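*Asks:* Residue numbering for the sequence shown follows our numbering, starting at 77 and increasing by one per position.
The set of hints was computed from the structure by calculation and includes no laboratory data. Among the hints, erroneous ones may be present.
[What the hints assert, rightly or not] Heads up, simulated SDA-like pairs for lysine to any residue below, C-alpha to C-alpha not over 25 Å straight-line: (1) Lys101 to Asn137; (2) Lys229 to Met174; (3) Lys175 to Thr225; (4) Lys195 to Thr219; (5) Lys229 to Pro186; (6) Lys113 to Asn137; (7) Lys195 to Lys101; (8) Lys229 to Arg188; (9) Lys195 to Pro226; (10) Lys113 to Glu206; (11) Lys175 to Asn137; (12) Lys113 to Arg123; (13) Lys195 to Thr166; (14) Lys101 to Val168; (15) Lys229 to Gly140; (16) Lys113 to Ala132; (17) Lys113 to Thr171; (18) Lys101 to Thr219; (19) Lys229 to Glu206; (20) Lys113 to Ala87; (21) Lys101 to Val190.
[What the hints assert, rightly or not] Have a look at the derived ranges for each label pair, beta carbon to beta carbon: (22) Glu211 to Gln143: 14 to 22 Å; (23) Glu173 to Gln143: 17 to 25 Å; (24) Asp133 to Val194: 31 to 39 Å; (25) Leu88 to Pro138: 39 to 47 Å; (26) Asn102 to Lys229: 16 to 24 Å.
Nothing here was measured: the structure is a model prediction, and the numbers come from that model. The beta-carbon is built from N, C-alpha and C at its ideal position, and this holds for glycine as well.
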Amino acid sequence: MNDVVSEEKSALTDEAILARFTASKNAPPSALTLGFKLIAVSQAERRVEIAFDARADLLANPMGQVQGGFVCAMLDECMSVAGLITSGMTHVVPTLEMKTSFLRPAMPGPLRGVGRVVKWGRTVCFMEGELYDAEGRLLATSTGTALPTPFAKFKK
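Go ahead and model the full structure; you've got the sequences and the hints to work with.
*Replies:* So, in C-alpha cells, the structure goes:
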C-alpha cells in the first residue's frame, strides 16, 4: 500500500489498544453521551468496531428514534477512532467533511458502528463508517475526510 503513515507508529498490539480504551478514565463527554465502548481493533485492516448504547432519554427525537445528528456523531466517532488507530495512536484526525446516508431509522438501544480508513495520505485521511442495529441491519453509512494532526501539534 502506498499510503503514508506516521514513522512513529505505535508498537501496541490490537489487544493493548483495546485495553487502553477500556481502562481510560478520560472519555470525552460526547462519547459518554453516545454510550461509546470500543469492542474490536484491527490495525492491519485499519478498522474498529464500536458499541453504542443509544439511550432514549438522551438521544431520541419526538418520534422515538435516535435523532440523525447523533447517528452522524456515532459514525464520526467510528471513523475518527479508526484514524487514531491507523496513526499508531500518534495523531488526532479532526473531520474536514463527511457525508451520511440514512437507510432506516435508528431506534434507541444497542447499536454497533464500524469505522475504517480507506487511505492515509500525507495531509488527508479518507474514511468510511457504517452503523448497525442489534439485529445486524444496516442503518446508515458515512464517508469522511480528516486532517491527521500529531498530538504534539494539536491545540485545544
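*Asks:* Against this structure, judge whether each hint is valid.
*Replies:* Hint check:
1. Taken as a hint, the Lys101 and Asn137 pair is broken in the structure, with Cα atoms around 30 Å apart against an allowance of 25 Å.
2. A C-alpha spacing of about 23 Å is found between Lys229 and Met174, which places the hinted pair at or below 25 Å, so the restraint holds.
3. Between Lys175 and Thr225 the alpha-carbon distance is near 21 Å, which keeps this suggested pair within the 25 Å criterion.
4. A threshold of 25 Å between alpha carbons decides the hint, and for Lys195 with Thr219 the separation of about 12 Å falls inside it, so the pair holds.
5. With a CA separation close to 36 Å, the supplied pair Lys229 and Pro186 exceeds the 25 Å bound.
6. Proximity of Lys113 to Asn137 is assessed by CA-CA distance (about 23 Å); at most 25 Å being required, the pair is judged to hold.
7. A distance of roughly 31 Å separates the Cα atoms of Lys195 and Lys101; the hinted pair therefore is violated under the 25 Å criterion.
8. Of the pairs offered as hints, the one joining Lys229 and Arg188 is violated, with about 32 Å between alpha carbons and a cut-off of 25 Å exceeded.
9. Taking the CA atoms of Lys195 and Pro226, the gap is about 17 Å. The hint holds against a cut of 25 Å.
10. This hinted pair checks out: Lys113 and Glu206 have alpha carbons roughly 16 Å apart, not beyond 25 Å.
11. This hinted pair checks out: Lys175 and Asn137 have alpha carbons roughly 21 Å apart, not beyond 25 Å.
12. A threshold of 25 Å between alpha carbons decides the hint, and for Lys113 with Arg123 the separation of about 15 Å falls inside it, so the pair holds.
13. Straight-line distance between C-alpha atoms of Lys195 and Thr166 comes to about 17 Å, which keeps the hinted pair within the 25 Å bound.
14. This hinted pair checks out: Lys101 and Val168 have alpha carbons roughly 18 Å apart, not beyond 25 Å.
15. Our distance criterion of 25 Å between C-alpha atoms is broken by Lys229 and Gly140, whose separation comes to about 41 Å.
16. Proposed proximity of Lys113 and Ala132 is supported: the alpha carbons are some 17 Å apart, at most 25 Å.
17. For the hint linking Lys113 to Thr171, the alpha-carbon distance of about 20 Å falls within 25 Å, and the restraint holds.
18. Between Lys101 and Thr219 the CA atoms are separated by roughly 29 Å; this puts the pair beyond 25 Å, and the hint is violated.
19. Taken as a hint, the Lys229 and Glu206 pair is broken in the structure, with Cα atoms around 30 Å apart against an allowance of 25 Å.
20. The hinted pair formed by Lys113 and Ala87 meets the criterion: a straight-line CA distance of about 22 Å does not exceed 25 Å.
21. Using a Cα cut-off of 25 Å, the hinted pair Lys101 and Val190 holds, with the two alpha carbons roughly 23 Å apart.
22. Between Glu211 and Gln143 the C-beta distance comes to about 21 Å, which sits within the given range of 14 to 22 Å.
23. At about 21 Å, the beta-carbon gap between Glu173 and Gln143 stays in the expected band of 17 to 25 Å.
24. Between Asp133 and Val194 the CB atoms are about 35 Å apart, so this pair conforms to the stated range of 31 to 39 Å.
25. Against the hinted window of 39 to 47 Å, the Cβ-Cβ separation of Leu88 and Pro138 comes to about 44 Å, which satisfies the hint.
26. Against the hinted window of 16 to 24 Å, the Cβ-Cβ separation of Asn102 and Lys229 comes to about 20 Å, which satisfies the hint.
Taken one by one, the earlier hints fail for this structure at numbers 1, 5, 7, 8, 15, 18, 19, listed in ascending order.
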